[in-house]
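We have chain X already, so just place chain S on it with the hints.
Protein chains: 2
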Amino acid sequence: MSHRVVIVGGGFGGLYAAQELRRANVEITLIDRRNFHLFQPLLYQVATGALSPGEIASPLRYVLNGQKNTKVLLGEVTGVEPGPREVLLADGGRVPYDTLILATGATHDYFGHPEWAQYAPGLKTIEDATEIRTRVLLAFEQAERETDPAVRRALLTFVVVGGGPTGVELAGALGEISRDTLRKDFRSINPAEANIFLIEGSSRLLPPYPPKLSSAAERSLIDLGVQTRAGSVVTHIDADGVVLKAGETETRLAARTVLWAAGVHASPLGQLLAARTGVSLDRVGRVKVEADLSIAGHPEILVIGDLACREQDGKPIPGVAPSAMQMGRYAAALIMKRLRGESAAPFRYWDKGSLATIGRNRAVAAIGPLHFSGYLAWLTWIFVHLLFIVEFENRILIAFHWAYDYFTFNRGARLITGHWRPGKSLTDASS
Amino acid sequence: MSHRVVIVGGGFGGLYAAQELRRANVEITLIDRRNFHLFQPLLYQVATGALSPGEIASPLRYVLNGQKNTKVLLGEVTGVEPGPREVLLADGGRVPYDTLILATGATHDYFGHPEWAQYAPGLKTIEDATEIRTRVLLAFEQAERETDPAVRRALLTFVVVGGGPTGVELAGALGEISRDTLRKDFRSINPAEANIFLIEGSSRLLPPYPPKLSSAAERSLIDLGVQTRAGSVVTHIDADGVVLKAGETETRLAARTVLWAAGVHASPLGQLLAARTGVSLDRVGRVKVEADLSIAGHPEILVIGDLACREQDGKPIPGVAPSAMQMGRYAAALIMKRLRGESAAPFRYWDKGSLATIGRNRAVAAIGPLHFSGYLAWLTWIFVHLLFIVEFENRILIAFHWAYDYFTFNRGARLITGHWRPGKSLTDASS
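So the protein lines, in turn, are chains X and S. When we follow my numbering, the leftmost residue of the first sequence carries the number 1, and every step to the right adds one. When we follow my numbering, the leftmost residue of the second sequence carries the number 1001, and every step to the right adds one.
The following block holds chain X by itself, in its conformation from the complex (with noise of 0.2 Å):
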C-alpha cells in the first residue's frame, strides 16, 4: 500500500501541496469543508462588488480532478490521534494518514470581544463579503430614505478597522464606490459625502511595508476621500458606531457601518494538535513549527501556511499567500525526500515581496530593494493576481471585469442578497 498522506484544507498551502505531489508514489486525500478554493487576496473584490463569488473560488474537484493519486473529501476535521495516526471527522467519519499536513488556516479575532463580531464582519470567507456587500449597498440605500440628517450622517460613515492590507484595500474599495461607482445612482443623498475612516493601531498604515509606502498609500487614501487614523485604537463597537481612543483622548464615531480587518487568529484546529501532542501555540494560536514545518516529537505531522508559527533571520514569517505557497511545496517535498530516504534542508521563506492596491491607477509595491507606488505598481498587482488565479476561465472572466470597469467606473455585481428584507433592520434579519 503507498504511503497515505491526508492534507486538512484547500487553501493555498493545502493545495499547493497536493499538486506539488501530484506525480509521486502516494495516496492523498484532501479534506476540506468547503468545496472550493477560495483565491482570498481578491475577497475584497467580492465585498465591494466588482467580482462575483464563483469567480474567484474553484471547485476542489475540478483543480484535482486530473490527479489519479488525490481524492477530495467535503468534510470538516473536529480532532486528530496522532497515536492511531486519525483524523476525525464531524460526522465520526474517521481517515487514517501516515503523513499528516494541516493546512487550516486563520479567521479573525475581536481581541476578546466577541460580541463586536454581529457590528463589525470580518472578511474571511464567500459569505462574510457577500454580508459585507450587503450591509455597504444597504447603508446607502437607507440613506437615499432617511430625512434625520445626523442618521443618514450615520449611514455614510463606514469605519474599516485595521491598516494592513485588506483594511487598506477595503477603505480604497469604499472611496472609489461612493466616488465613482454610485455617483450618478441617487437622488436625494449625493454618495460622495460618505465619510470613510480606516483605524489603525500602530503609528502608521500598512506596519509591515517600508514607511515610504506606507505614505505613498496614505496620500492615495485621502485622494479617495478616505479619512485615515493611524495611532488610534478601537475600545468599544456597537450597533451605533466605535469609540476611538489616540493616546488619552477618546472619541465616538457614529457609523452604522464597521468593517473588521483587525486581530486574526489562527483556526481552532491548532488548540486541538496542543491538546493531543503538547505542541506549543502562540499568541493568536499558531502552532510552533520545526525547521521542516513538523512538529516536536511527530515528524509525521506538518503544519503550514497561517496555522504555523516560525521565525526565520529573527522576524516571524508573515502569514501570506506566498509563504503558505511556498510551505506546501516544501511539505511535499519533504515527504518525496523522506520516501526516497533522503533528508531536507530546512524551509526557507522566499519573501518575493509585498504589494497592496488602493484603487484604480493606485497601488504599493516592495520587491526587494525596489519600493515604488502609483499606476507602476498597480499594473504589477494587477499582472501578478491574474497570474495566481487557479482556473484558466476565471483568469479571464477577471481579467475582463477589471478592464471593463476601468473604462466604465462600474462595479457589476452590486447585489444586496440574503435573508435582508426591506422595512427589517439589518440585525432582525439575520436573527
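To be clear, the hints were calculated from the coordinates, so they are not data collected in a lab. Any given hint could turn out to be false.
To be verified - Interface residues of chain S toward chain X, partial, derived using beta-carbon atoms under 8 Å:
#	residue
1	Arg1034
2	Lys1071
3	Ile1126
4	Glu1127
5	Lys1184
6	Asp1185
7	Ile1416
Backbone N, C-alpha and C fix where the C-beta goes; we use that ideal spot for every residue, glycine too.
Chain S in isolation, oriented as in the chain X frame:
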C-alpha cells in the same frame, strides 16, 4: 408638477415601462424590494453552477441612472390606497401616484401543500438558485461518502417536478452535470449513474408547445439520461422522496433532492388590490385586467406581466418575459397618449415564439409557423438570450462562460455556499 408614475417591480414589465417613459414629461418612482433586475430566464444556469448570480443581475439604479425623470426606491410594498392614490411601504412610508403600474410578478405555489416547500425548493430568486445549487452539489458529495447502497441511490436521485420550460431546462442541466461536468470529479461514485426524473402532470412535456417539439425535447432529455414521466402527478413530498400517481397507480421514488418547477401563484399584491378595489382575480391570484391593462373602475391603475390575467383570441396571454416586456412598453405608451389627450388601441400580445433549451446543441423553437429543434434552435436560443441581457458587461461575461464551458464541459460556479456545514444535514442547518 408633472404626472407621477409609480412602478412597483423591476422585472421585465416594470423595467421596460420605466425605460419606455425615459423621455416623457413624468416623474417616475420605481419601487422594488431587491436592488437589482434579475434576468430570470437564466436563473436555472445559476442553480446549476454555470453562471454566477452577479452575471444575470443588474443593479436597478445603475440601469436607470442616466434617466433623469426616474427615482429608484428600495422598499417592500404592503398596500395600495386607491382613494388617496398612495402606495404603502413596509417601513411605514407612503408614495403618492397619479398612475400606478403594478408589475410584481409571480412566485411558486405548492398546490395547497406549503409544507412541500422545505423539501422541494422552487426557482424564483437568486437565493433559491444558490440553495438549489448547494443541494444538488451536496447530494453528490454525500453520495461519495455513503456506504449504504440504498441511501447512495436516493442521494443520486434527482426529481424535477413540472415539465414546462423551467423544468425541462433544469432536468437537462442536471443531466449534463452528471454526465459531463462531474465526470472525473469523484472516486467512489460514478456521477453518470445519477437518476434524474422529470415529472409532468399533463400528457406531454412543454404542454404549450407543438406536440412535435414536445417529442423532440423528450428525446433530447432521454439522450442526457433523464427519465421523463408525463401523465404523472406528485401526491406527496417529504425528506425521503416523492409519491407519484399515474392513473390509479401510486409509486414512491426515493430521492434526496426534489426541485419544484410546477405551480405558479401571482404575487400577494393582487389579493391586496382585490380587497381595496373589488377587482377579480383568477384561480392563481392574477388580476383580471381590461383591454388597456387597467383594472375595472380604476383607469389609473395598470397591472402588467405575470401579475396580470388577460385573454386574447380566446387564449390566455402567457406569463413569459416577452409578454411582460410588451405590456410594460404598452403601459408606458398609454400614459404618454393619455397625457396628450389621445386614446389608445387595446393591448395586443405579439407572440414572437417559444424557445427552450435542454443542453448543449439541444433546444426546441416554435417561431410562428417554424417549428424546429436541435443545433439551430440552440443557436437561436443563445442569440435571443444574449440579446436581451440588460447590461453589456454581463452579455460579454455570459458569452464567454458559454463559449469556454462549451469546449471544456466545465461549469465554473459550482459553489456550495450558505449556512450548511459538513456533519449537519441540510435541514438542520437551515433551521
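Hint check:
Satisfaction of the interface hint for Arg1034 (chain S) is found here, the shortest Cβ-Cβ separation to chain X being roughly 7 Å, below the 8 Å cut-off. Checking Lys1071 (chain S) against chain X: minimum C-beta separation of about 5 Å stays under 8 Å; hint holds. With 8 Å as the threshold, the beta carbon of Ile1126 (chain S) comes within range of chain X, its nearest partner Cβ sitting at about 6 Å, so the hint holds. Interface hint status for Glu1127 (chain S): upheld, as the beta-carbon distance to the closest one in chain X is roughly 6 Å, under 8 Å.
Interface hint status for Lys1184 (chain S): upheld, as the beta-carbon distance to the closest one in chain X is roughly 4 Å, under 8 Å. With 8 Å as the threshold, the beta carbon of Asp1185 (chain S) comes within range of chain X, its nearest partner Cβ sitting at about 4 Å, so the hint holds. Given the 8 Å rule on beta carbons, the hint for Ile1416 (chain S) holds: about 5 Å separates it from the nearest Cβ of chain X.
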